[in-house]
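J.: Each chain, written out:
Number of protein chains: 2
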Amino acid sequence: MPDKTLRIDRAGLRDSGRRPVMLAIAGDSASGKTTLTAGLVEALGRERCVSLCTDDYHRYDRAERRSLPFTALHPDCNYMEIMEQHLRLLASGQPILKPVYDHSTGELTRPELVEPNSFIIVEGLFPLYSKLARACFDVTVFLDPHEDIRREWKVQRDTRKRGYAPEQVLAELAVREPESEAYIRPQRHHADIVVRFAPIEGRDEPPGTPLSAELLLRPTIRHPDLSEVLQAGLNRAMHLKLTRDSDGRPVDTLHIHGYVPTEESLAVQKAIWASIGEPESGTPDCLGELGPGARSEPLAIAQLLLLHHLLDAE
Amino acid sequence: MPDKTLRIDRAGLRDSGRRPVMLAIAGDSASGKTTLTAGLVEALGRERCVSLCTDDYHRYDRAERRSLPFTALHPDCNYMEIMEQHLRLLASGQPILKPVYDHSTGELTRPELVEPNSFIIVEGLFPLYSKLARACFDVTVFLDPHEDIRREWKVQRDTRKRGYAPEQVLAELAVREPESEAYIRPQRHHADIVVRFAPIEGRDEPPGTPLSAELLLRPTIRHPDLSEVLQAGLNRAMHLKLTRDSDGRPVDTLHIHGYVPTEESLAVQKAIWASIGEPESGTPDCLGELGPGARSEPLAIAQLLLLHHLLDAE
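Sequence lines, in order, name chains A and P. Here the first sequence is numbered in UniProt numbering, starting from 1 and rising by one per residue. Here the second sequence is numbered in UniProt numbering, starting from 1 and rising by one per residue.
Extracted from the complex, chain A is given alone in its bound form (with noise of 0.2 Å):
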């Protein structure tokens, strides 16, 4: 049982003040799972954050992948036991060298080191695959984007950086799902935090309305107590709801509605940050950043109580 060994060894670490705080980021490809990690790096600052992505763990490099039976998103297309065994590493304190899959161009290249930091935010298609690399963290988010809203993000993304043509995204989607199904979204199920961008139906109707979030938060991890924030008259940018997951597991729900109007949301905002206790400054402003002048305040409250979680572990 490498894992519970695992468990026992940082157990025993966090008490000398070594211990890494690891936070998983999963997600099949194009659900935000950078946009979501950059906010987090920046707000907690790189001298004290590294983040690192578990497709450059891909076994294959594209060229190679095209005679293959399986895409990217199948375990036996990627170096499985050595992300296991990189990320036990990270967890007890130590350096890795890290391979190298570059996006632009499909191919693995040279190694990086990668040395351990007070927070260690991996994001990518498998950090919650097996039960080795989920003992290596401290708290574990999947990103569940409504399906129709991932494509949409898919396609805009390989196509403006990764140069594929629309069809070519659309006809990888489908040759994906099944390895999706398969691989990818079973890892929802061992999450402390699903993230989940959709459009609510019925408010979210104006088209260029910004999407809402649904945040389930599972009892697996202790989360902030948002009831003073919730009570102090900003319940209509957000509010949490007690409900059944989907395998019938209680769980509170917190929805985050993108239609209200910016001020409440950055009040909530506020009273979020004032509760972590980071006090000289405000609210960072690259929380809720997609991209170079386009933000979303639902994801910056997601990055909020990441932020919670990730500074309460510590």
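Warning: the hint list may mix true and false statements.
[What the hints assert, rightly or not] Within a straight-line C-alpha distance of at most 30 Å, the following computed DSS-like cross-link-like pairs (lysine-lysine) qualify:
1. Lys131(P) - Lys98(A)
2. Lys161(A) - Lys98(A)
3. Lys98(P) - Lys98(A)
4. Lys161(P) - Lys98(P)
5. Lys270(P) - Lys241(P)
6. Lys98(A) - Lys131(A)
7. Lys98(P) - Lys131(A)
8. Lys131(P) - Lys98(P)
9. Lys270(A) - Lys241(A)
These are calculated hints, taken from the structure and not from any lab test.
Start from chain A and add chain P according to the hints.
T.: Below, chain P alone, put in the same frame as chain A:
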């Protein structure tokens, strides 16, 4: 004391039969590491033996090194901590994703998976550099050819295989000398066996006489009993002498003569091979091979003694 923990872990593994036998072959550039290794890998068979070179742990590529104040022989020019980590993982039966340095281009490229096997041979500039690295090995060798011989070998190889001009190689040797003295040669002290190829004065005079070899057999491991081999009238090809090492430690020195007729040397090889107890076949042809059509009988004898140690440690 991670080296102690490792020794304890490995001793435990030994009982369960999953523990690879590891041989280190350390030595300066062009000291004959690759040639020695190649014969051993072939004799053991690729199905049960894997070899790797620690040059792959270079931190900088050739172009980057040009503007640095040290050469590849400096520990700061290598990922020493990662090398130790990988040796430790292999020693405990785990795979690694090894970096790759391409000597023909001087570039760092896509890493490759190395799965542990029954025998792991690690050759390079640094395998005996640190206490933790040394703790990973069952048998350790340092190659210490006569410096004139090594220079000759280096010029030959680097001009033929790595695209350098002779004067470039000689200039590089001069630049490297202080780091060779500071970081590479001290590893000789930690080897169980020191292999020195050198002409014997007075006996190897006619040009073209095959090089003799001197093997320092330190009592840090149990060496095979050669008395029977040496008494069978074969002591013209090889003889053993009790001496003191340069630091005063008692040591056996095995002199293997290059100038004796090949048949006498082959008889010694046959006797050692029989003593190893690999019954069915004759001495493997790959032993002693220097390249296409070129052989060294003293090399073959050195390799046979190492095979004895590897098979004995299993």
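J.: Evaluate each hint against the coordinates.
T.: Hint by hint, here is what the structure shows:
no., hint, in the structure
1, Lys131(P) - Lys98(A), "holds, 25 Å"
2, Lys161(A) - Lys98(A), "holds, 23 Å"
3, Lys98(P) - Lys98(A), "holds, 10 Å"
4, Lys161(P) - Lys98(P), "holds, 23 Å"
5, Lys270(P) - Lys241(P), "holds, 22 Å"
6, Lys98(A) - Lys131(A), "holds, 21 Å"
7, Lys98(P) - Lys131(A), "holds, 25 Å"
8, Lys131(P) - Lys98(P), "holds, 21 Å"
9, Lys270(A) - Lys241(A), "holds, 22 Å"
Violated hints: none; the structure is consistent with every hint.
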